[in-house]
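2 protein chains.
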Amino acid sequence: MKNKTEVEEVRSRIKKDTINDKKHSHEQIHTYESVHKIRDSLLSSASGYTNYRGVLNLCVVLLVMSSGRLVLENILKYGFLVRIDVPIQFIKDPTAWPSLLAIVLSNIFTFNALKLERNLEKGIIQETTGKILCFLNIFTALLAPAIYLWYREANPVSSFFALTWYTCLSMKLVSYFQVNRYQRLKRRLENSKNEIDEKSNTDSIKKQTKNEPLIEYPDNLTYRNLYYFLSAPTLCYEINFPRSERIRKSFIIRRSGEIIFLSSLLLFLVQQWVVPILQNSKIPFRETNILKIIERLLKLAVPNHVIWLIGFYCFFHSYLNVIAEILRFGDREFYRDWWNSEDVNVFWQNWNIPVHKFCLRHIYKPLLNQGITKSQASLIVFFISAFFHEYLVSIPLRMFRIWAFLGMIVQIPFAVFVKKFLHGNYGNMAVWVSLIIGQPIAVMMYIHDYYIDYFKVSD
Amino acid sequence: MKNKTEVEEVRSRIKKDTINDKKHSHEQIHTYESVHKIRDSLLSSASGYTNYRGVLNLCVVLLVMSSGRLVLENILKYGFLVRIDVPIQFIKDPTAWPSLLAIVLSNIFTFNALKLERNLEKGIIQETTGKILCFLNIFTALLAPAIYLWYREANPVSSFFALTWYTCLSMKLVSYFQVNRYQRLKRRLENSKNEIDEKSNTDSIKKQTKNEPLIEYPDNLTYRNLYYFLSAPTLCYEINFPRSERIRKSFIIRRSGEIIFLSSLLLFLVQQWVVPILQNSKIPFRETNILKIIERLLKLAVPNHVIWLIGFYCFFHSYLNVIAEILRFGDREFYRDWWNSEDVNVFWQNWNIPVHKFCLRHIYKPLLNQGITKSQASLIVFFISAFFHEYLVSIPLRMFRIWAFLGMIVQIPFAVFVKKFLHGNYGNMAVWVSLIIGQPIAVMMYIHDYYIDYFKVSD
Chain F
1 MKNKTEVEEV RSRIKKDTIN DKKHSHEQIH TYESVHKIRD SLLSSASGYT
51 NYRGVLNLCV VLLVMSSGRL VLENILKYGF LVRIDVPIQF IKDPTAWPSL
101 LAIVLSNIFT FNALKLERNL EKGIIQETTG KILCFLNIFT ALLAPAIYLW
151 YREANPVSSF FALTWYTCLS MKLVSYFQVN RYQRLKRRLE NSKNEIDEKS
201 NTDSIKKQTK NEPLIEYPDN LTYRNLYYFL SAPTLCYEIN FPRSERIRKS
251 FIIRRSGEII FLSSLLLFLV QQWVVPILQN SKIPFRETNI LKIIERLLKL
301 AVPNHVIWLI GFYCFFHSYL NVIAEILRFG DREFYRDWWN SEDVNVFWQN
351 WNIPVHKFCL RHIYKPLLNQ GITKSQASLI VFFISAFFHE YLVSIPLRMF
401 RIWAFLGMIV QIPFAVFVKK FLHGNYGNMA VWVSLIIGQP IAVMMYIHDY
451 YIDYFKVSD
Chain U
1 MKNKTEVEEV RSRIKKDTIN DKKHSHEQIH TYESVHKIRD SLLSSASGYT
51 NYRGVLNLCV VLLVMSSGRL VLENILKYGF LVRIDVPIQF IKDPTAWPSL
101 LAIVLSNIFT FNALKLERNL EKGIIQETTG KILCFLNIFT ALLAPAIYLW
151 YREANPVSSF FALTWYTCLS MKLVSYFQVN RYQRLKRRLE NSKNEIDEKS
201 NTDSIKKQTK NEPLIEYPDN LTYRNLYYFL SAPTLCYEIN FPRSERIRKS
251 FIIRRSGEII FLSSLLLFLV QQWVVPILQN SKIPFRETNI LKIIERLLKL
301 AVPNHVIWLI GFYCFFHSYL NVIAEILRFG DREFYRDWWN SEDVNVFWQN
351 WNIPVHKFCL RHIYKPLLNQ GITKSQASLI VFFISAFFHE YLVSIPLRMF
401 RIWAFLGMIV QIPFAVFVKK FLHGNYGNMA VWVSLIIGQP IAVMMYIHDY
451 YIDYFKVSD
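Protein sequences, first through last, are from chains F and U.
So for the first sequence, the working numbering puts the first residue at 1; every next one is plus one.
So for the second sequence, the working numbering puts the first residue at 1; every next one is plus one.
Where hints are given, some of them may not hold.
No distinction is drawn between identical chains; accordingly, a pair holds when it is met within one copy or between any pair of copies.
[Unchecked claim] With a straight-line cut-off of 20 Å between C-alpha atoms, the simulated SDA-like cross-links for lysine to any residue are:
hint, residue 1, residue 2
1, K77, F383
2, K365, I402
3, K374, V302
4, K299, Y78
5, K420, S250
6, K37, T129
7, K122, P413
8, K37, R328
No lab work stands behind these hints, which were simulated from the structure alone.
No experiment lies behind these values; they were computed from the predicted model shown.
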């Protein structure tokens, strides 16, 4: 009797399932039937499964968490180190003033450049004399502030800004001279009735700036035109720049907000994160324990890279876009997608477009026209770039250690190595490693040496 | 005269360019013509650019580097803590032996289960009596080893393994009983000439295992069949399991290599990474400095999670696949893609498929058949699961702190929260955070308490 009830229970269950749940009827009836079938584990290569999107999220979570922990550990260890009044201190610091003076005086070189162009245009000065004068003007613009700031023992930060200013100015004046010279020679060519597809050139310019009144050489030789170029976020001169339609106020507000937030963040990170590490790193350097030095370098590399990334965004995206928006400067390509670059050369071609464009237009291509081979021209560009890296670091810190120069030069064999042996994502990772380890370590060497030399850290 | 030469130079350059380099002629002629055009910066939302593949590589590089630095820092701080002879020590330890005895004795319960099934099949024991006997057998299988190991003060690690063994055995015996009972009742149903779509069932089984001789109830009631099930990497009994074609020796060798390497890595990580953190963490816990506790928890969470991930792969992929390969067990779905799960429930349904499948087939669906609602059934499954988590931790450590139970229960409101407020990648990140922070912290609480209690760490 008992068994019969059980049997009926099963039968009624099966019936109920079949009626109630038509869709899942097969599953429900076979409650205790087969649940296994032949299949591979997902992580077996045989499964062909490749969706690891979630692992990316894990990486993000782990990075945020470890950073959070580092911040906490840091605050527990050192307390709150940030001095909010740093910008005010900076302005009050008398050693910052020579740099400001230097920047104001830079107008002299601008004035010289315009005067020279006007005289060249009028034929008062010969082309060769003009070349020499231009060279002297730019050479002085690079040398004079360096000597001045060195002997005034200016604050290294303000000194760095002043020299960056002069370096940009020099590049802009080179571009200004070369473009004007080209325009001048082209006009003479036209005047001597040799018509070379010149109409199409004018057409192409007209197309690009159809909403703006077009200026033609020599009407561009005005202070207004030159100062617009000097303010614009580019190092390549054009008589007529492409202009955006209007100034978007909300765009400026957002970008300015970013600048304020990110510079504060940078100030915070440097004071709270980098300075303590540097203070602790003097011991291993003197003891020359190789493991400890590596540990220190790795500890420095991460905050340095974070600061570099924030600095990159703040300057190349926020700052240059604000300037461009205010000036209605149309070309906003200040960087390309260097974060995806799979070899070192591509990175150098993509991360700093104003400088890259300048080097290509005013050094590399003219060199090619002189009959120099491509690889030689690249090498020359690289050495000039390495020289300016050294210039911008050595003078403000008032010490020559050639770390920056070496840091740049080492890129050449490294680029060859990466191109030959690493491809795709591995190449990309190698680029990141060189950014995180190589380049900033050189900067850190300076700061470290500077710190030891100038602050006389007690042993 | 001078100017004429210059003009000729430009003319000849333009001509040379046009001839030498037809392709790039446009570019070369306009060396100093326009290089700017109107375009947005890539990082502006207006650019529509979204390829940040390189940033993923950056994350990987940063993670590898920070981990490398942590390892270095750890070795510099604590030296090399690993004792390679741990497994030998473990075997020599007399407190490990009770667990081994317990595992050997588990055959008694297997024997009971088979005896019971045979008697039920022959009709010597009634169905209701069978149910009671089965319950008693399984209840004893869970209680007896727990009491025995508690009073023998067995080594917690070996004790944990023994109890896991018994928990699996109990689940397998539940499945064995339920499936056999279903088959028995179905056979009686057939015998009483009520034919319910039974042919199709047999067909479906035949299709799945066409290369193997099919066994039908009651021919499955043998030691051979039962021990195959007990060895197989599944908790759900079937009379005929799907079998793979052949044993791939290279597959076994690879998976075994993984097991050896990963278990060594686990031993290394626990001794070198976790133990020092635990030793250092007693101070903040007593001082109850909330910031310090959070810093410690975060410091524990990362190695704990890494160990959990390695342990997951080692057990669910390497170990279960080796067992399955040796037994020619076809169904290798031991886990699904839980790493992509965007809410907590999906994670619990995907990370441990043997247990999930068991709960679904032998608890959840039978409960639904009893007329219980889906959410109630889920809740019951969850509480049973929480109970066993507590069982497997409390008994080996010989202390009841309900951290594991709470850790599981907290998942319920958390799951509701995630489902309601977080979607897509945010949901996925929330799951990761709960894995990294929530669940392992509970485990750490035990280890910490255990450490303080048993090793009497000097204050």
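A quick look at each hint next to the structure:
no., hint, in the structure
1, K77 / F383, "neither (43 Å within a copy, 43 Å between copies)"
2, K365 / I402, "neither (28 Å within a copy, 74 Å between copies)"
3, K374 / V302, "neither (36 Å within a copy, 50 Å between copies)"
4, K299 / Y78, "both (16 Å within a copy, 18 Å between copies)"
5, K420 / S250, "neither (47 Å within a copy, 33 Å between copies)"
6, K37 / T129, "neither (88 Å within a copy, 34 Å between copies)"
7, K122 / P413, "neither (49 Å within a copy, 83 Å between copies)"
8, K37 / R328, "between (66 Å within a copy, 12 Å between copies)"
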